[in-house]
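Each chain, letter by letter, is given below.
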Amino acid sequence: DSGVTQTPKHLITATGQRVTLRCSPRSGDLSVYWYQQSLDQGLQFLIQYYNGEERAKGNILERFSAQQFPDLHSELNLSSLELGDSALYFCASSVGVSGELFFGEGSRLTVL
Amino acid sequence: TQLLEQSPQFLSIQEGENLTVYCNSSSVFSSLQWYRQEPGEGPVLLVTVVTGGEVKKLKRLTFQFGDARKDSSLHITAAQPGDTGLYLCAGHGYGQNFVFGPGTRLSVLP
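Each protein sequence line maps, in turn, to chains A and B.
Each residue of the first sequence is one higher than the one before, starting from 1 at the first, in our numbering.
Each residue of the second sequence is one higher than the one before, starting from 1001 at the first, in our numbering.
Just chain B, same shape as in the assembly (with noise of 0.2 Å):
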C-alpha cells in the first residue's frame, strides 16, 4: 500500500510570509498533484506534476517534484489570507489509483 505523509499537518502564519509544506512517501509515483480545499467544498486541483525535479509555479505558488519522484513540496510566497485552506498532495502510482495525504491545514491571518 502507498502512503503519502505531509507535513505539517497544521500551519498558521501571518499574511506576507512565505510557507513552505512537504509531502513525502517511499513509494516512487509517476506524478503527482496537488490540490486545495476550502471549507464546505470539494478538493480543487492546483497542479499534477510528472518529470522527476520539475518546478512548476502559479503565481505565488511553487511546486517541486522530487528527483526520484517520491516527494514534492508546495512554497507560497507572501502568503495572503485567501490562501487558507487544506493543502492535499495525491500520488498517482504505476498502475494504481490515487493515494492522498492527509493534508496541510493552513491558516493565514490578516
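This is chain A alone, in the form it adopts within the complex (with noise of 0.2 Å):
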C-alpha cells in the first residue's frame, strides 16, 4: 500500500461526456502528478502540483483539467471524451517538488 488513494478504481462513460478522477497524496507529501498510461504510449506525465499551486505541465490537452485543493487532493478533470482517452489514470505524490514517486493503483477509463 503506498499510501495514494484514487477514486474511482474503474469507470465506464461514452464519447462526449466529463469526469472527474480524485486522488489523495501520501500524509505529509505536498506535491501530487498526473499520468496517463496506455498500451501504445507508456507512462505519459500530464501535470503537477506543489502545495496549491500548478508546478509543471506536461502532455495534457486543453479538454483536460487538474487543481490542488488546501487539503491537498488532487481532481483530474476530463471533458469531451474521445475513445482515444480511454486510459489507465495514475496520481503520485513526493514529499518535495522531486525524489521518490509513490503511486496510487489507478483509476482505468473506458470510454465506448
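These are computed hints drawn from the structure, not numbers from a lab.
Please note: incorrect hints may appear among the correct ones.
[Stated by the list, open to error] Pairwise CB distance ranges, derived in the manner of DEER restraints:
id: 1; chain 1: B; residue 1: L1058; chain 2: A; residue 2: R22; range: 20 to 28 Å
id: 2; chain 1: A; residue 1: S38; chain 2: B; residue 2: P1110; range: 26 to 34 Å
id: 3; chain 1: A; residue 1: G16; chain 2: B; residue 2: D1067; range: 48 to 56 Å
id: 4; chain 1: A; residue 1: T7; chain 2: B; residue 2: E1038; range: 18 to 26 Å
id: 5; chain 1: B; residue 1: V1055; chain 2: A; residue 2: D1; range: 27 to 35 Å
id: 6; chain 1: A; residue 1: T5; chain 2: B; residue 2: P1039; range: 18 to 26 Å
id: 7; chain 1: B; residue 1: D1067; chain 2: A; residue 2: D71; range: 43 to 51 Å
[Unchecked claim] Facing chain A, from chain B, some residues (calculated, C-beta under 10 Å):
id: 8; residue: G1016
id: 9; residue: N1018
id: 10; residue: Q1033
id: 11; residue: E1041
id: 12; residue: G1042
id: 13; residue: G1052
id: 14; residue: H1092
id: 15; residue: F1098
Glycine is no exception: its CB is placed at the ideal position from the N, C-alpha and C atoms.
Since each chain sits alone in its own frame, please combine them into the complex, following the hints.
Encoded structure:
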C-alpha cells in the first residue's frame, strides 16, 4: 500500500461525457502528479501540483484540467471524452518537488 | 524534450536465468529511477541512482548509472517468477520533471 488513494478504480462512460478522477496523496506529501498510461504510449506525464499551485505541465490536453485543493487532494477533470482517452490514469505523490514518486493503483477509464 | 528508450521491449526467460535491461537517452539526467509495475497496480520505486558510474544492489538486482549520466542498466541474477512485471526507468532532468521510458515487460517462467 503506497498510501496514495485514487477513486474511482474503474469508470465506463460514453464519448462526449465528462468525468472527474480523485486522488488523495500520502500524508505529508505536498506534490501531486497525474500520469496517463496506455498500451501504445507508455506512462505520459500530464501535470504536477505542489502545495496547491501548478508546478509543471506535460502533455495535457486542453479538454483536461486539474487542481489541488487546500487539503492537498487533487482532482483531474476530463471533458468531451473521446475513444482515445481510454487509459489508466495514475496519481503519484512526493514529499517535495522531486524525489521518490509514490503511485496510487490507478483509475481505469473506458470510453465507449 | 528528453526521451528515454528501453530495451528490450519484451523479455521472456526461464526461472534461474540472468538478464539485463537497458535504459538509454541522449540527455543528461540529475538522477534516474527504476520502478516495477505489476498488473493492476501502480509503479513501485526500486532504486534511485544519482552519481555517474554508481552501482546499487538490491538483493538479486544490480543497477548501474552510466558515467555520463545518460543511461542505466538493470541486471537480475537468477530470475524468479516473482520478478515478472513491467520495469520502467525514469529520468529527472535538471530543473525538469520526471520522464518515463516505455518499459521492459519481463516474464519469468517457472
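message: Restraint: G1042/B near chain A, CB-CB cut 10 Å. Satisfied or not?
response: holds, 3 Å
task: Tell me if G1016/B is really an interface residue toward chain A, meaning its C-beta lies closer than 10 Å to one of theirs.
output: Violated. Min distance 30 Å.
Satisfaction of the hinted span 43 to 51 Å by the C-beta atoms belonging to D1067/B and D71/A: This hint holds: roughly 44 Å between Cβ atoms.
field: chain A contact restraint for E1041/B - C-beta distance below 10 Å
entry: holds, 6 Å
- prompt: Taking the closest Cβ pair, is Q1033/B under 10 Å from chain A?
  reply: Hint holds; Q1033/B Cβ to chain A Cβ min 7 Å, cut 10 Å.
task: Would you settle whether the hint for G1052/B is holds or violated, based on the nearest Cβ-Cβ distance to chain A being less than 10 Å?
output: violated, 18 Å
task: Could you check the hint for me, namely that G16/A and D1067/B are 48 to 56 Å apart, CB to CB?
output: holds, 52 Å
message: Does the closest beta carbon of chain A sit nearer than 10 Å to the beta carbon of F1098/B?
response: Hint holds; F1098/B Cβ to chain A Cβ min 7 Å, cut 10 Å.
query: Hey, does the N1018/B contact hint survive, CB to chain A under 10 Å?
result: violated, 26 Å
- request: Report holds or violated for the interface hint on H1092/B, using the least CB-CB distance to chain A and a cut-off of 10 Å.
  value: holds, 6 Å
query: Has the hinted range 20 to 28 Å been met by the Cβ atoms of L1058/B and R22/A?
result: Violated, since L1058/B and R22/A (Cβ atoms, about 33 Å apart) do not stay within the stated range.
field: Consistency of beta-carbon spacing, P1039/B to T5/A, with hint 18 to 26 Å
entry: Holds: the Cβ-Cβ distance is about 19 Å, inside 18 to 26 Å.
Comparing the model with each earlier hint shows violations of hints 1, 8, 9, 13; every other hint is respected.
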